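**Student:** Spelled out from the first residue to the last, the chains are:
2 protein chains.
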Amino acid sequence: MKTNHSTLGLLTASVFAILFLMGCQNQDSEKDDEQQAIFPKGEPGPAQNFTGKAWALGLVNNDSTYQTVVGNVYFEPGARSNWHIHPAGQILIITAGVGYHQLKGQPRQTIKKGDVVQCPPNVMHWHGATPDSGLHQMYILPNTEKGIVKWLHPVSDEEYNTPNPGE
Amino acid sequence: MKTNHSTLGLLTASVFAILFLMGCQNQDSEKDDEQQAIFPKGEPGPAQNFTGKAWALGLVNNDSTYQTVVGNVYFEPGARSNWHIHPAGQILIITAGVGYHQLKGQPRQTIKKGDVVQCPPNVMHWHGATPDSGLHQMYILPNTEKGIVKWLHPVSDEEYNTPNPGE
Chain A
1 MKTNHSTLGL
11 LTASVFAILF
21 LMGCQNQDSE
31 KDDEQQAIFP
41 KGEPGPAQNF
51 TGKAWALGLV
61 NNDSTYQTVV
71 GNVYFEPGAR
81 SNWHIHPAGQ
91 ILIITAGVGY
101 HQLKGQPRQT
111 IKKGDVVQCP
121 PNVMHWHGAT
131 PDSGLHQMYI
141 LPNTEKGIVK
151 WLHPVSDEEY
161 NTPNPGE
Chain B
1 MKTNHSTLGL
11 LTASVFAILF
21 LMGCQNQDSE
31 KDDEQQAIFP
41 KGEPGPAQNF
51 TGKAWALGLV
61 NNDSTYQTVV
71 GNVYFEPGAR
81 SNWHIHPAGQ
91 ILIITAGVGY
101 HQLKGQPRQT
111 IKKGDVVQCP
121 PNVMHWHGAT
131 PDSGLHQMYI
141 LPNTEKGIVK
151 WLHPVSDEEY
161 NTPNPGE
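Going down the list, the sequences are from chains A and B.
So in the numbering used here, spot 36 of the first sequence is number 36, and the numbers just go up one at a time.
So in the numbering used here, spot 103 of the second sequence is number 103, and the numbers just go up one at a time.
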């Protein structure tokens with residue numbers, strides 16, 4: 001009976017030790033996802049403009065005062081926009097996660113939290129998450145009197161998966 | 001001896017149980033501060049334009065392509081900008097913390113993570129942290145061909161501390 005008590009005590013201690021170590025690690029990763037998101041997800045992006053699941057939230061609508069559209073997009077892992085063009089260019093601010101951005105004719109760039117990405121006017125580009133990580137990005141579309149966006153064709157799996165030899 | 005073993009085992013289990021519960025809670029608050037900041041602090045804002053400590057990081061410089069300036073400011077608790085004017089207005093995106101924003105002639109507004117704040121062209125305003133919380137904010141200055149900023153006088157303690165009766 002006394003032997004059973006000491007064994008039980010040691011087993012219990014071991015279980016809590018393991019839980020403690022696991023709990024610290026799990027809290028980090030769970031809190032990461034929750035803390036990283038500044039904005040609610042918003043609405044699903046139109047299926048004809050995205051491959052995979054993307055969620056879009058408008059933050060500043062177009063008007064004559066600022067002539068600037070601002071929004072937030074969350075790309076689930078594997079999701080990306082179609083190729084598209086912005087007549088006045090676009091600025092992306094990556095607020096969480098890891099993703100890709102590619103300008104037509106240039107290698108795919110890996111982008112991550114804290115990065116600022118600029119796409120010049122009238123240059124085809126796409127952006128999205130990596131296969132393994134979601135991407136939270138704000139976008140800024142300036143000078144909307146020149147136009148906002150022209151959506152084009154989807155990004156093929158080959159294009160999406162072609163690595164950048166320089167990375 | 002056997003009694004000591006079982007007591008030791010139970011004590012050890014209790015210690016790990018307490019550590020587990022404390023560890024979970026402490027990880028949350030420490031990670032909060034670290035995770036909230038998307039960008040490095042940058043450089044101290046010029047003392048003549050701020051009361052208290054503010055840190056500024058440029059993200060997108062002015063140029064003829066985008067005519068949009070983007071940056072990030074971290075206000076330490078109690079810090080605020082002077083009164084100032086933007087000829088083309090300003091858009092603020094609050095990414096972490098709690099702060100204040102006031103347009104001349106209107107009550108002080110409390111602003112927090114996830115808020116989007118717009119200041120119209122040529123309207124005096126100020127913004128900053130609360131006395132108890134820092135504020136992380138991105139700013140967007142559109143249409144820079146109209147001008148960027150005109151700095152004015154400091155925000156007095158009375159102005160800073162006058163509550164909004166509607167909040």
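If you are wondering where the hints come from, they were derived from the structure by calculation, not from laboratory data.
It should be emphasised that the depicted structure is a prediction, and the values quoted were computed from it without experimental measurement.
Check the hints yourself; a few may be wrong.
One copy or any two copies: either way a pair holds, since identical chains are not told apart in the list.
To be verified - With a straight-line Cα cutoff of 30 Å, these simulated DSS-like cross-link-like pairs (lysine-lysine) come out:
1) Lys41 to Lys112
2) Lys104 to Lys146
3) Lys150 to Lys41
4) Lys112 to Lys53
5) Lys53 to Lys113
6) Lys41 to Lys113
7) Lys53 to Lys104
**Student:** Name the hints, by number, that the structure is in violation of.
**Tutor:** Structure breaks no hint.
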